[in-house]
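**Q** Residue numbers (the UniProt record's numbering), protein chains in the order written: chain U, 1 to 269; chain X, 1 to 269; chain D, 1 to 269; chain G, 1 to 269; chain H, 1 to 269; chain L, 1 to 269.
There's no promise every hint is true.
No copy labels: a pair is met if it fits in one copy or bridges any two.
Below, computed lysine to any residue pairings styled on SDA-like, alpha-carbon distance capped at 20 Å [what the hints assert, rightly or not]:
1) K186 <-> R200
2) K160 <-> D66
3) K186 <-> G98
4) K160 <-> T253
5) K37 <-> T253
6) K37 <-> A18
7) K160 <-> E214
8) K111 <-> I126
9) K37 <-> D250
10) K160 <-> C42
11) K111 <-> L55
12) K37 <-> D249
13) K111 <-> I129
14) K186 <-> V176
15) K160 <-> R54
16) K111 <-> C42
17) K160 <-> P150
18) K160 <-> T216
19) K186 <-> F13
20) K186 <-> D252
Derived from the structure by calculation, the hints contain no laboratory data.
The structure displayed is predicted, hence computed values, not measured ones.
For reference, the chains in residue letters:
Protein chains: 6
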Amino acid sequence: MSATDQAQAAIPFYAEQADECRVFEHAFRQRLPVLLKGPTGCGKTRFVEHMAARLGRPLITVSCHDDLTAADLVGRFLIGDGNTVWSDGPLARAVRQGALCYLDEVVEARKDTTVVLHPLTDDRRILPIERTGELLQAPPGFMLVVSYNPGYQNLLKNLKPSTRQRFVALGFDYPVADVEQRIIEKEAHASPELATRLVRLATALRRLTDQDLEETVSTRLLVVAGRLIVAGLDERTACRAAIVDALTDDHDTAAALDEVVQAVWAPQD
Amino acid sequence: MSATDQAQAAIPFYAEQADECRVFEHAFRQRLPVLLKGPTGCGKTRFVEHMAARLGRPLITVSCHDDLTAADLVGRFLIGDGNTVWSDGPLARAVRQGALCYLDEVVEARKDTTVVLHPLTDDRRILPIERTGELLQAPPGFMLVVSYNPGYQNLLKNLKPSTRQRFVALGFDYPVADVEQRIIEKEAHASPELATRLVRLATALRRLTDQDLEETVSTRLLVVAGRLIVAGLDERTACRAAIVDALTDDHDTAAALDEVVQAVWAPQD
Amino acid sequence: MSATDQAQAAIPFYAEQADECRVFEHAFRQRLPVLLKGPTGCGKTRFVEHMAARLGRPLITVSCHDDLTAADLVGRFLIGDGNTVWSDGPLARAVRQGALCYLDEVVEARKDTTVVLHPLTDDRRILPIERTGELLQAPPGFMLVVSYNPGYQNLLKNLKPSTRQRFVALGFDYPVADVEQRIIEKEAHASPELATRLVRLATALRRLTDQDLEETVSTRLLVVAGRLIVAGLDERTACRAAIVDALTDDHDTAAALDEVVQAVWAPQD
Amino acid sequence: MSATDQAQAAIPFYAEQADECRVFEHAFRQRLPVLLKGPTGCGKTRFVEHMAARLGRPLITVSCHDDLTAADLVGRFLIGDGNTVWSDGPLARAVRQGALCYLDEVVEARKDTTVVLHPLTDDRRILPIERTGELLQAPPGFMLVVSYNPGYQNLLKNLKPSTRQRFVALGFDYPVADVEQRIIEKEAHASPELATRLVRLATALRRLTDQDLEETVSTRLLVVAGRLIVAGLDERTACRAAIVDALTDDHDTAAALDEVVQAVWAPQD
Amino acid sequence: MSATDQAQAAIPFYAEQADECRVFEHAFRQRLPVLLKGPTGCGKTRFVEHMAARLGRPLITVSCHDDLTAADLVGRFLIGDGNTVWSDGPLARAVRQGALCYLDEVVEARKDTTVVLHPLTDDRRILPIERTGELLQAPPGFMLVVSYNPGYQNLLKNLKPSTRQRFVALGFDYPVADVEQRIIEKEAHASPELATRLVRLATALRRLTDQDLEETVSTRLLVVAGRLIVAGLDERTACRAAIVDALTDDHDTAAALDEVVQAVWAPQD
Amino acid sequence: MSATDQAQAAIPFYAEQADECRVFEHAFRQRLPVLLKGPTGCGKTRFVEHMAARLGRPLITVSCHDDLTAADLVGRFLIGDGNTVWSDGPLARAVRQGALCYLDEVVEARKDTTVVLHPLTDDRRILPIERTGELLQAPPGFMLVVSYNPGYQNLLKNLKPSTRQRFVALGFDYPVADVEQRIIEKEAHASPELATRLVRLATALRRLTDQDLEETVSTRLLVVAGRLIVAGLDERTACRAAIVDALTDDHDTAAALDEVVQAVWAPQD
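So here's chain U without its partners, still in its complex pose (with noise of 0.2 Å):
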C-alpha cells in the first residue's frame, strides 16, 4: 500500500466546473465526508489538491485496488531490530495531522476498510486503533474524501448504500469547452490554437457514441497529446499515440477514431 503525503507550497491551478468548490467548502465547515464521482481524468484529483491548498490543510492520498486493507489504511505493527514498532497507515496519520485523507476509487479497496470509514464519517469522527489501544479523535482540520467512477463499477464492486449514505457527493464530468482549453493551455504550454483544437477534437471524439469505447477521451489525454505536440511531435502521430491507441485495441475503431483526427487537423486550417 502506498499512499502520498503532500503539503502544498501554492494552490494548484483548477478550473472550476459548477459550485463544487463552494459545496467541499461546505461541507469541511460541517465536517461531512465528501464522495467524487466521475470519469477518469476529469480532474477529480486536481480539485482535491485545489481544495487542501484552499482550506490549508495537508492532503494525504491513497489510490485504493484489490489488496487493501483496513490495516494498510489504519496501520500495523512492524518487526524491526529485535522489538515491534507501530507504524501509523496513511488514514491515521490524516487523522493526527488534521489533513485531508483522499481515498481515489474507494470501492477497489477490500471491504474491510468500511469499518474504520464508518465511525469518522458520522458525530463520533473517531479512529479507534484496535491494536495499539488508542482511539483518534479527529480535529477539525481532518476531512475524509472518496471517489469512484460510476461508469466502470460493477456488481461485485460498489458503495454499501449504507456507506453512501454517509457522504455528501459532488458529480464530475469532462469540464465544457472553454475550461478545457484554458486547461489545455495552462498545463501543456500550449498555444490558444492548439488547444482550441485539441478541445474541437475531443468535443467531436466524446460524441461518438456509436464506437465500442470503454471510456471516451479525457482532458488528462488531451494535455499529454499537447505536450508532445509542443515538444515537435507532429499532430497526428501524437494524438494517434495519446489519444487513439490510449483508448482502443481494435483496428476498425482506432481507424474510426484517426479519421476524426485527421478531420481535426485537415489542410482548411
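Use these hints to put chains X, D, G, H and L onto chain U, whose structure you have.
**A** Coordinates of chains X, D, G, H and L only, in the frame set by chain U:
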C-alpha cells in the same frame, strides 16, 4: 477490526416509532438477545445508543465486514516486546463489563463468528475463550444486539435459521412524518418550516417506486441536507449533493429526483 | 473455535418424542456413533444434554462452522512465554475424559475434520494426534454425536456417504402437541392455557405451506414468546417479536403470519 | 492430517469376492502399486488390512481430504523447544519401514500429492524429501495402495490419466449373498437366520433403482443393524436407525425403504 | 515439491518413433528449449532420460502440479538451527550443473513459474535469483525441456502463446506396432508371441472411438499387463487389472473392453 | 519474482516498423510513461532493449504474472542472520538508478501493483516506500514502460481506464516483409534466399484466417526455424518443430499448416 466503546453521559435523543423501547427492555430483563432489522439510516444505531443509556449500560459497537472473524470478536494474543499478551476483543470486553454489544450488519461477518455467538444466546450465556482456557459467564447487564438490512441481503449472506431463531426480532422502517420532522429539527437545528419541507420531499421521493434506486432517501440524508441549508447553501444545491447524488449515479434518475426537489421548493412557498 | 464442556449436576428436562432415548442408549452400549437429523430448535441439543446426564458422562459441545478445521478439534501447539505448549482440542479432551463429544451442525465444518472422525467411528475407536505422536484409544465412556439439519443442506455441504454410513441415525421433528405444551409450561413457566394457545398457534403456522418460509416456528420460539408474555408483554407484540419477525423479513408474509397470531388470540377466548 | 499405523497380530477376517487376493499378491511381488475402486462400505479397507497381515507387512492408513498436502504425506519440520526437528509424514514412514501405505479416497487429497506419488509408482520407486535432502529408495516390502469411489466422483476431483495409468486396478462391489451372510454372522455375532434376513433386506433395497439414493445399503450398515438387534433392539427400530435413516433424509424415500424392512420381517417368519 | 536428480549410468532403452532424437539434438546444440506434446504413457519421460544419457548430461525431473510455484523451482531460504540457509530449487540446481531440467506437465504449475522460465528460454539464458542477488548464466550443457498433454488441457490451464512460442515443439503419439512390440518384449521380458498379442489388443482398443474413454491404452499399460502375465497371472485377469479397470469405471465400457480382450485371447491361439 | 537488470554494451539490433523510436524518445524527454501493445514475438522486448541502449539508460525487465504484487516491485524486508535488511524490488532499483523499468505483460500482475505505478505516471513521478518511510523522486533518466497483448486479454484482466490513460501508447504488429527478412538474416545467420522463403511462409500462414489459431506465426518462430535449418536440419522438419507444432495441437490444423510449409518448399525452387 475496530470496535468503539461508548459510555454515554446523557441519553441520546431517539424518537420512538412504535413500542420498540418496551420490547427491547423486556428482552433485556429476560436476558434475551435482540435482532434489529431495517433499511440504512432509519435509526437502528441511534436506537441502540439510546437504549444503552436508558438501561445504564456501556455500549460496545462493532461494524461487521467480510473479514471479521471470531478471533476479532473474542480476542487474540499480541506479540509485544519479547512476550505475548492476551488482548480481549470487543465481545469479550462487553461480556466482562456487562455491556451491550452491538454487532452492526452481522451478516457481513465471517461465518465462524456464529460459533461464539451461539453459547451467548441460549440459557448458558457463556463465552468460552479457548486460547486462554477461560469461560466467561455473562453478567445480567450483558446483552447481545445484532442488526441487518433485509433490503440488500444476498443468497450467500444471511443468517442461518439456527442462528436467527435465537433472537427476539424488531423491525424498523423510516419514521412517520411528524416523528421524522422532529428528528430533523433536533439534529440539523432546522426551522419547523425547513423540516416540514424536507419531510415532504422524503415522502415524495419514497413514493417514486418506478425509479431504479437501491435504497430510498433515509432520515440521515434529510438531516445532512438540513445541515447544509442551515449553514447557508441554497436548497437545491444542498439537496442535490446530500440527497440526489447520494442516491443515484444515473443521469435520468438524478433528473427525475431533481424535479421532485424543484417541485418541493417551487415558488408557491 | 469454541467448545463448551458441561458436567451437569441434574438431568436436564427432555420430553421424549419416540424411542430415541432407547436407541441412543443401545448405540452408546454398542460403542456406535450417532447422527441426529432434524430442523432448528426441535430439541436435538437438549436431547444430547439429557442423554449425557442420564448416562453419567460429561458432555463437550462444538458448534461447527465454515472455518472449523481438524486442528481445531484435535488441538495445537500454542506459543507461550518462550516455549510451546500442546493444547488439546475439544475432541481430544472428550476422548481422554471418556466424554460425549457433540459436533453440532457437523456439515458446516471444513472437510479435513472427517479424517479425524473416521478412525473414531469404526472398530478402532482411536484418535491419532500426529503433532505429538500420541494415539488415543477411546475409553468405553467416549461417544461421538453429530447433528445436521437436512432442511437447509446444499450441494456443497453434506456428509459424504463414506462418512454418513458410519453413524446410527436418529430423525427428529417438532414434538407432538401435548409434548410441546408440556415443554412450554416447563421452560417458560407458562400457564396451561397460555401453553395450549401457543401450541395452537404453532400448529396453525406449521400448516401454512403456501408461505415462503425458510423454516417454520420451532419449539424454541414458542418458549421465547411464552417468556415475554409471562413477563408482562401483550401477546400480539410478544408473538410479533419472538415469532413473526424472527421467521420472515417479507412484509406480506409477516402480515399473513400476524393474521394467524390474531386469530389465535381472538375475543372468543 | 492423521494417519494410523497398524501392525496386526492376527490376519483380520476377509471374505474374498473374486480373485482380488491373487492379483494383489502378484502386484506386490512385481512391485506395482494398486488402485482399489468401489462403493462405500464394501470392504476395501478391510481387504487392505487382510492383505497387509497376509503379506506380513505393517500397514499405514491415511484418510485423504481436501486439505491434505504433499507435506502432510512426506513430513515437515516441527518447531519444538528452541530447535526444529524433522518429522516424517506417513508416506515417508511407510517407505522407511517397507510398509503398505494405504491412501483412502485419494482423489480427495490436494493435487500436489501426485508429485510425491509419481516417482514411487514407476521403476524408480523413490521418495525424494526436498527439505532434508534425502532420497528414500523404497524397499521391496513397500507398496502403495490407493482407493476411490467411482460412484461420487465429480469433475473437479478425479485421477488424471497420467496418475491413474500408473496403478494396477481392482474393482470392488458389495459381496454376493452367501459371502455377505458369512460376514454379518462373523462381525455382528448374528444367528444364521438373522444374517439371512439382513441379506434378503439388502438384496431388496439394492434392487430399488427408482429411489433417489446417493448410495445403497452397504455391508457395513447391515453389520450395524445386526449388532443393534443382537443387543436387544427390535428389528424394525434397529433397521430404521442403522439403515433407513442412514441412507436418506427424504420422508417419502424413508417410507418406501421402511416398507421393504417391514416386508422382510413380516409375520410369515 | 519434489524433484528427482538422475545421473544415468547407461543409456536407457528408447525406441525412436520418427526423427525426434535428431531434432532434440539440434535444439540442444542450438541452445533452444524443447516442448514435448503427447498422451499419457507414450514415452515422453523415457525419451528425455534417453536423450540426457545420450548427450551425457545429468537430468533433473520435476512433476508439475497445481501448487508448484516459482520459489519451488528456484529455491528458498530454509530456517535451520538459528540461521537461515539458501536451498537451491531443482531449476537452479540444473542451471548450475548444466543439466537437463525436465518440467513434466508444465501447464499444471502455478503461473508465476513462467517468470523464471522466460529469461532462460531466450538469448539471455539467465536465471536471476532475486532473494540472493545471484544471476545465474546457463552453461551450454543446460537445457530446459517441458511437456504437456494436449488431450486433457482445459481453458484455465494452457501455455500462453508468449510462453509457448519460445520452445521447439515435438509431437508424440503411441509407437507403431513393431516399435511397440519391441518395447513390450524389452520392458516386460515378454515372449514375441505375448508382445504381438498385446500390441494386437492395443490396436483393437485404440480403434474403439465409440467408447467414452478419457484416454486410451498406453504402452505403459501394455508393459504392466505383460509383467503380470509373465509372472504367472492368467491373461484375462491381468488385462482386466492392468488395462480395463485402469481405463474405465463404467460397467458397460468395461464390458466392451473385456470383449476385446477375450477376442484377442480366443481359442484359435 | 524475478527481474533482470541489463546494462547493454552495444545497441541491440532493432528494425524499426514505423516511427515508434521517435515517439518513444519524445515520451522519454517529456517524462511520460509508455504502453506497448502487440502480439507475441513481434519485437516489443527487443524494441525496449534497443531504446534503452540508444538512450544510454540501464534496463530492468520484469515478466509479470498472476502472483506479482506491489511488494515484489517495491521491495521487502528480508530476514537474514538475526537481523532484517531492506531489499529493493526492481521498480525501486530502477527509480534509484534512473533506469528504464519494463513491466512485460503488466495486466498479468496483481491489481495492487497499480497503486505503486500511479504516482510514478503523473506529474509527481514519485515512488513512496511505506515500509521504510522513504519517498523516492524519480530522476529524469527513469522511465516506466509496460506492455500487453490485446489479442489474449480477458474480462478479468485488463488495464483499468484510469491506469491506461496515464500512458502514451504504441501499437506493434509483425514487421512488413523486407524488414522481417532483414531480421531473419541477421538473427538466424540465414541466407537471403532462406530468409525470403521463411517470410513467404509467414505471409501465407498469416493469411490463413480460417484456421482456429490462438496466435499466428511470429518473427521469433521464423528465426528459430531459420537457426535449425542453418544448423543442418531439413526445412520441413525444422518448420514442423519450430512453427507448426509450436502453433497448434490439433491434427487437422497441423496438417493444413504443413501443406503450406510443403508448398513453400516445393520443387520449383
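**Q** Now tell me, hint by hint, if it's right for this structure.
**A** Each hint, compared with the structure:
1. K186 <-> R200: within (17 Å within a copy, 46 Å between copies)
2. K160 <-> D66: both (16 Å within a copy, 12 Å between copies)
3. K186 <-> G98: neither (31 Å within a copy, 28 Å between copies)
4. K160 <-> T253: between (36 Å within a copy, 18 Å between copies)
5. K37 <-> T253: between (27 Å within a copy, 15 Å between copies)
6. K37 <-> A18: For K37 and A18, the Cα distance is within 20 Å only inside one copy (14 Å; across copies 38 Å).
7. K160 <-> E214: between (24 Å within a copy, 9 Å between copies)
8. K111 <-> I126: within (19 Å within a copy, 28 Å between copies)
9. K37 <-> D250: Only across copies: K37 and D250 sit 11 Å apart there, 28 Å inside one copy, limit 20 Å.
10. K160 <-> C42: For K160 and C42, the Cα distance is within 20 Å only across copies (15 Å; inside one copy 24 Å).
11. K111 <-> L55: This pair counts as neither: shortest intra-copy Cα distance 30 Å, inter-copy 33 Å.
12. K37 <-> D249: between (26 Å within a copy, 8 Å between copies)
13. K111 <-> I129: within (17 Å within a copy, 24 Å between copies)
14. K186 <-> V176: Answer is within: at 16 Å inside a copy they meet the 20 Å cutoff, but 41 Å across does not.
15. K160 <-> R54: Cα proximity of K160 and R54: none, with 31 Å in one copy and 31 Å across.
16. K111 <-> C42: Neither: 26 Å inside a copy, 22 Å across copies.
17. K160 <-> P150: Cα proximity of K160 and P150: in one copy and across copies (13 Å, 13 Å).
18. K160 <-> T216: between (27 Å within a copy, 13 Å between copies)
19. K186 <-> F13: Within one copy only: 8 Å inside, 40 Å across.
20. K186 <-> D252: Neither. Shortest intra-copy (33 Å) and inter-copy (34 Å) distances fail the 20 Å Cα cut-off.
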